[in-house]
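Quick note, the sequences are listed as chains A and B, same order.
So the first sequence is numbered by this note's numbering: it starts at 1 and just counts up by one.
So the second sequence is numbered by this note's numbering: it starts at 1001 and just counts up by one.
Simulated from the structure, these hints should not be mistaken for lab results.
By construction, the Cβ of each residue, glycine as well, lies at the ideal position given by its N, Cα and C atoms.
It cannot be assumed that every hint is accurate.
To be verified - 27 Å max Cα-Cα, derived BS3-like pairs, lysine-lysine: (1) B:K1097 <-> B:K1070; (2) B:K1097 <-> A:K57; (3) B:K1097 <-> B:K1073; (4) A:K57 <-> A:K83; (5) A:K9 <-> A:K83; (6) A:K71 <-> B:K1078; (7) A:K70 <-> B:K1097; (8) A:K57 <-> A:K70; (9) B:K1055 <-> B:K1078.
Unchecked claim - DEER-style ranges, computed between Cβ atoms: (10) B:Y1054 <-> A:G16: 21 to 31 Å; (11) B:N1058 <-> A:G16: 46 to 56 Å; (12) A:E104 <-> B:D1081: 21 to 31 Å; (13) B:I1046 <-> A:N26: 12 to 22 Å; (14) B:S1080 <-> A:E62: 40 to 50 Å.
If you want the building blocks of each chain, they are given just below.
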Amino acid sequence: DGGITQSPKYLFRKEGQNVTLSCEQNLNHDAMYWYRQDPGQGLRLIYYSQIVNDFQKGDIAEGYSVSREKKESFPLTVTSAQKNPTAFYLCATRTGELHHGGTEAFFGQGTRLTVV
Amino acid sequence: AQTVTQSQPEMSVQEAETVTLSCTYDTSESDYYLFWYKQPPSRQMILVIRQEAYKQQNATENRFSVNFQKAAKSFSLKISDSQLGDAAMYFCAYRHKTGANNLFFGTGTRLTVIP
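Whole structure, please, built from the sequences with the hints as guidance.
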């Protein structure tokens, strides 16, 4: 089936550890995004990538890192520098403007990260 | 960053009735996209409806319609004949037409449907 796969669904991290959240897509979409969701704050952009081997910081990039070595994959690493990493993380993809106007973002099912 | 404001943290509606969720936004652009997303308890974000700013006509998708007031920068969602499955968090979102093309979200409205 075509879609976006985020794994794991739940992740527990000890303080001081780095963890990596996976996002894989088989939609052949160019752009990929990572959002963080906290209660009462909606979704905020962490990083985005519009093409392979290129990515840009979003509004809350501190303490996070990403890579885009393949079109299908956009993993997010939550480093020990992220002071409050407990949150719900959503990956999204979107086509380029030439395809159906590129208007719609598709979302994965999310990863719930908890620091223990 | 763009600002998207949803002033109703919670709303409720009787089954089969109509409810309107409010959203306002701030932008200096003349052309952009607006969206309503639904997030049920599964937390999957589902696109409900989208509107292109240059289109005068309000978008409609079955029981869902919008009232887009460009001058007032208002984008409300009307749900007609509400169903139990409509219960969810609803997020209003804005996107530039060019550039990074990421979404700017409001803080959401939790909709409860009363049987």
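How the hints compare with the structure:
1. B:K1097 <-> B:K1070: Satisfied, since the Cα-Cα distance of roughly 15 Å is no more than 27 Å.
2. B:K1097 <-> A:K57: 19 Å, holds
3. B:K1097 <-> B:K1073: 16 Å, holds
4. A:K57 <-> A:K83: 17 Å, holds
5. A:K9 <-> A:K83: Distance ~21 Å between K9 of chain A and K83 of chain A Cα, so the pair holds.
6. A:K71 <-> B:K1078: Violated, at roughly 37 Å.
7. A:K70 <-> B:K1097: Within the cut-off at roughly 25 Å; holds.
8. A:K57 <-> A:K70: Given that 27 Å is the threshold and the Cα spacing comes to 18 Å, the pair holds.
9. B:K1055 <-> B:K1078: 18 Å, holds
10. B:Y1054 <-> A:G16: 21 to 31 Å: 50 Å, violated
11. B:N1058 <-> A:G16: 46 to 56 Å: Taking Cβ atoms as reference, N1058 of chain B and G16 of chain A lie about 51 Å apart, which means the hint holds.
12. A:E104 <-> B:D1081: 21 to 31 Å: 25 Å, holds
13. B:I1046 <-> A:N26: 12 to 22 Å: With a Cβ separation near 19 Å, I1046 of chain B and N26 of chain A satisfy 12 to 22 Å, so the hint holds.
14. B:S1080 <-> A:E62: 40 to 50 Å: Holds, since S1080 of chain B and E62 of chain A (Cβ atoms, about 43 Å apart) stay within the stated range.
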